[in-house]
Amino acid sequence: MSQRTKIIRLASCMEIQMKSLLLFALLTLMTTSVNAKTVRYELTATKGKVNLSGKKDVRFALMLNGSIPAPTLEFTEGDEAEIVLKNEIKDDELSVHWHGILLDPYMDGVPYVNTPPIFPGESFTYKFKVRQHGTYWYHSHTNVQEQKGIYGAIVIHPKERRIKYDKDLVVVLSDWTDENPSQVLKNLKKDGEYYLFKKKTVRSYWGAYQAHSLNNFFYNEWTRMGGMDLSDVGYDAFLINGKKVQERPDFKPGEIVRVRIINAAASSYFYVALGDNPMHVISADGVDIRPTMANEFLIGMAETYDVLFKVPAGKSTELKASAQDGTGETSLWIGAGDKIPAPKKAGPDLYAKMYMGTAWETLKYTGSFTKPPMDMSAMDHSKMGHAPMDHSKMDHSTMDHTGHAGMNHHQKIIQTLTVNDIEAPASTKFPSSLPRHDVKLVLDGDMERYTWFINGKSISEDRTIEIKPNEVVRFTFVNNSMMHHPMHLHGHFFRVINQFKENSPLKHTLDVAPHSEKTIEFYSDEPGEWMLHCHNLYHLKTGMARVVKYSSFTPKPEIAAIQAHDPHLHDHVYYRGMLEAATNHAQAQLNVMNTRNEIELRTELRSDFGWKGEGDFFYKRWLNKYTNFIAGSTLVESEGAIVAGVGYMLPFLLQTHTLIDNQGRMRLDVERRFQWTQYIYSDAEFTFRQKQPSEFEISLMYQNNWAWSAGLMFTEHSAGVGAQYNF
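Residue 135 in UniProt numbering is what sits at position 135 of the sequence shown, and the numbering runs on without skipping anything.
It should be emphasised that the hints constitute simulated quantities derived from the structure, not laboratory data. Any given hint could turn out to be false.
Unchecked claim - The list that follows gives simulated cross-link-like pairs (lysine to aspartate or glutamate, EDC-like), each with its CA atoms no further than 20 Å apart:
#1 620 x 446
#2 129 x 77
#3 440 x 423
#4 625 x 191
#5 186 x 466
#6 37 x 80
#7 457 x 42
#8 186 x 448
#9 164 x 74
#10 556 x 466
#11 37 x 104
#12 127 x 42
#13 55 x 178
#14 127 x 80
#15 625 x 77
#16 625 x 466
#17 49 x 178
#18 56 x 193
Stated by the list, open to error - Here are the simulated distance ranges between beta carbons:
#19 702 x 343: 29 to 39 Å
#20 411 x 556: 42 to 52 Å
#21 41 x 432: 41 to 51 Å
#22 644 x 457: 16 to 26 Å
#23 651 x 700: 18 to 28 Å
#24 679 x 243: 28 to 38 Å
#25 343 x 718: 52 to 62 Å
#26 243 x 553: 39 to 49 Å
#27 656 x 702: 25 to 35 Å
#28 46 x 432: 47 to 57 Å
All values derive from a computational prediction rather than experimental measurement. Just so you know, even glycine gets a beta-carbon here, dropped at the ideal spot from N, CA and C.
Assemble the whole structure, with the sequences as input and the hints as a guide.
Okay, structure coming up:
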């Protein structure tokens with residue numbers, strides 16, 4: 001046979017194969033079109049009165065179809081979703097984001113970024129192809145509506161079930177405050193530690209002494225870290241499916257239940273445990289993982305976990321979610337019979353050393369300072385590899401999970417499951433030939449002014465991270481703060497580089513623990529503008545967010561027209577104030593501020609100086625959480641002066657102002673609070689003025705809430721009694 005004949009025959013074969021492939025593709029498309037069904041939901045948002053804490057009725061609650069949480073939406077992979085959202089809230093816009101769902105950016109649900117807002121009396125219809133399966137959820141992305149009640153579960157079933165179980169049980173965890181969340185945000189802007197008294201987590205010298213942790217306490221003050229901040233808000237209740245305690249006796253002995261656990265809290269992490277036996281964890285963030293046994297897991301805001309549980313005969317088993325800060329818990333009892341409680345979770349160590357040492361290593365692997373991790377010697381502590389991979393189209397169908405229902409009780413049991421322990425069931429690596437784009441993202445904040453940053457800037461200062469299509473984008477999160485940050489990227493799944501390297505897991509939300517570093521990477525094949533943000537609602541609202549924008553993407557004209565009105569671009573103004581009156585002293589102070597700018601007005605009267613007034617009017621420009629430039633004027637003994645200088649926080653949390661006036665005279669202010677016990681403190685203030693009177697003041701005050709305190713006030717020449725009011 002000649003070479004020419006071979007070529008002709010080969011070409012004919014290829015032509016036949018191409019025609020067969022085209023016919024197969026056409027038939028597949030026709031079959032898919034026939035089998036795909038439209039699943040439609042109608043959701044109506046209203047404002048109403050609820051009592052979820054059992055303590056009081058509140059009227060700010062927002063509900064979808066009259067309930068908190070909102071109805072569970074169920075789909076099957078391949079469905080066409082059609083969700084009509086109606087806004088009957090008379091005084092606010094509305095939105096809903098479909099968390100973890102892969103869809104067109106126009107349907108993503110972030111108003112003024114990629115989706116239009118829904119004004120009062122109007123509606124919007126979300127339409128998207130369901131491209132995945134698993135446990136997900138939805139919530140508002142408008143103002144603080146998520147905390148007010150706009151959140152619910154999404155359950156997407158696979159086309160063909162590969163995990164054997166009998167029933168689903170959806171568990172929606174949340175936190176609840178009887179205080180209007182809009183006011184909660186304002187309170188945090190007054191002082192990031194506003195709710196310490198409500199939570200009973202005030203750190204003090206006496207508390208450190210009782211905990212045998214004075215060395216840690218002094219070290220934390222020396223390093224200007226203070227103490228661990230596990231949460232910001234003092235909540236009135238923690239809820240499972242809208243209740244503090246729920247009973248589900250309808251599950252029968254021997255049934256295998258797939259427990260779908262969603263953390264829909266606004267700002268609370270939870271430790272989750274189920275009875276007195278290890279849990280069989282099979283999925284994280286809607287994606288199948290290698291089945292893992294764990295006594296508990298730490299679940300951050302917006303994360304989801306699926307657990308298989310066999311209902312025992314004659315027993316009711318407690319699923320318990322304990323708030324990470326130790327301030328409360330919520331429970332659901334599965335089955336009927338004798339109670340099998342989950343273990344009581346010990347509270348956190350308020351006086352742990354805030355340093356990359358043993359306490360940080362414990363936190364890294366368990367999320368807790370209360371106990372060491374289990375069998376850490378088996379873990380790979382070496383620097384994780386960043387091998388490329390290929391998972392741009394997540395094909396769940398290739399993962400074999402038919403054996404999930406048969407639980408292997410001989411496998412290793414992890415004490416506290418975190419992302420470090422999660423392994424994908426198959427390789428998730430990208431091809432090494434793909435281009436790379438590395439981005440470092442430093443997470444930090446200022447608790448005193450309650451401002452949160454990425455790379456030193458809030459979203460109002462730096463909105464966009466631009467990426468190119470069809471490349472591997474690698475984000476490295478470096479958490480320089482004292483808080484956990486659950487970082488969520490809209491519109492994508494990413495692989496979290498951990499000890500399993502090639503089999504690193506896929507997620508849509510990642511817990512970045514305090515003073516830790518985490519690397520994620522994803523393939524950029526979802527053109528659009530997508531939010532990247534901390535899923536602590538109050539961190540998001542005060543700056544810790546960006547918009548990831550594809551360089552090739554152009555938004556629809558109706559979106560481009562409203563992006564200038566994006567609330568993320570608005571640098572909101574807040575205030576705080578103080579009034580103080582004593583028999584020897586009186587003072588008033590008002591601060592008005594946004595992210596970088598602050599105006600401080602202070603006036604003071606003292607009996608030492610014949611009740612003559614003095615005062616300051618300062619403008620401060622904040623460079624970072626420790627440093628600010630100051631310009632303004634002062635008045636002392638009826639003499640005014642123009643001043644300029646620097647404010648700086650020294651070790652041991654010493655707040656200082658170093659100023660020079662228009663006559664070349666120096667002034668040094670030093671302030672410090674000493675928290676002796678949970679309720680007793682002293683404020684010490686010293687002011688040195690060159691060629692003018694210097695001053696020293698110290699107080700001894702009792703305080704059991706943020707607003708009011710009373711006690712003794714001393715100056716260098718007098719003593720008095722009085723009270724202070726913060727607002």
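Hint check:
no. : hint                  : verdict
1   : 620 x 446             : holds, 15 Å
2   : 129 x 77              : holds, 9 Å
3   : 440 x 423             : violated, 24 Å
4   : 625 x 191             : holds, 13 Å
5   : 186 x 466             : violated, 32 Å
6   : 37 x 80               : holds, 6 Å
7   : 457 x 42              : violated, 39 Å
8   : 186 x 448             : holds, 13 Å
9   : 164 x 74              : holds, 19 Å
10  : 556 x 466             : holds, 18 Å
11  : 37 x 104              : holds, 19 Å
12  : 127 x 42              : holds, 12 Å
13  : 55 x 178              : holds, 8 Å
14  : 127 x 80              : holds, 7 Å
15  : 625 x 77              : violated, 47 Å
16  : 625 x 466             : violated, 27 Å
17  : 49 x 178              : holds, 11 Å
18  : 56 x 193              : violated, 24 Å
19  : 702 x 343: 29 to 39 Å : holds, 37 Å
20  : 411 x 556: 42 to 52 Å : holds, 50 Å
21  : 41 x 432: 41 to 51 Å  : holds, 43 Å
22  : 644 x 457: 16 to 26 Å : holds, 25 Å
23  : 651 x 700: 18 to 28 Å : holds, 24 Å
24  : 679 x 243: 28 to 38 Å : holds, 33 Å
25  : 343 x 718: 52 to 62 Å : holds, 56 Å
26  : 243 x 553: 39 to 49 Å : holds, 43 Å
27  : 656 x 702: 25 to 35 Å : holds, 27 Å
28  : 46 x 432: 47 to 57 Å  : holds, 53 Å
In the structure shown, a violation is registered for the earlier hints numbered 3, 5, 7, 15, 16 and 18, in ascending order.
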